[in-house]
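J.: Please work from the sequences and hints to get the whole structure.
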Amino acid sequence: MRDILTAAFPAVSENSCLEEFTRRMTYVQDTQNGRCIIVDNSQPYQFFIENIDNTKVGFLAVDKCVFDDSSEHKKCDFVFFYGNNFCFCRNKRHRKPTAATQANGEGTDGKYDC
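Numbering-wise (my numbering), the sequence shown opens with residue 608 and increments by one.
Treat the hints as calculated values from the structure; they're not laboratory data.
All C-beta atoms in this analysis are idealised placements derived from N, C-alpha and C, irrespective of residue type, glycine included.
It is possible that part of the hints are untrue.
Pair by pair, the computed Cβ-Cβ distance ranges are [to be verified]:
(1) N622 to F695: 17 to 23 Å
(2) T638 to T613: 21 to 27 Å
(3) T629 to E679: 31 to 37 Å
(4) Q650 to N691: 30 to 36 Å
(5) N691 to N661: 16 to 22 Å
(6) S620 to E679: 18 to 24 Å
(7) S620 to V646: 18 to 24 Å
T.: This is the structure:
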C-alpha cells in the first residue's frame with residue numbers, strides 16, 4: 608500500500624505523511640497547525656486506534672501533509688487502514704459550525720467522524 612500511495616501522492620514521501628504500526632493502542636493528536644500526528648498517551652489526543660490483533664495498520668496524515676491549505680481536497684484529517692479496509696476520519700473540534708453543518712446535525716463537540 609505504501610508504494611501505491613507514494614506513487615499517487617508524492618507529498619506522502621516528501622512530507623513523511625505515512626506511518627505503519629502493529630502496536631495494540633495508537634493515539635492521534637490533531638495539532639494546532641492542523642496536521643494529525645501519532646503521539647503516546649501521555650500527550651493530549653483526540654482519537655485512538657485499538658488494534659486488537661496487532662496487525663499492520665497504516666496511518667496517513669492528510670491535512671497539512673498530503674494536501675496543503677490551497678487544495679480543494681480537504682474532506683478528512685487522516686486515514687488509517689489495514690488490509691483492504693480504509694477509515695477516513697475528520698475532526699470537527701476546530702471547525703466553526705455553518706448553517707449547512709448544523710442542518711446535518713454536525714457541531715463542534717470535538718468528535719471524529721470515521
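J.: Can you list which hints this structure breaks, lowest number first?
T.: none
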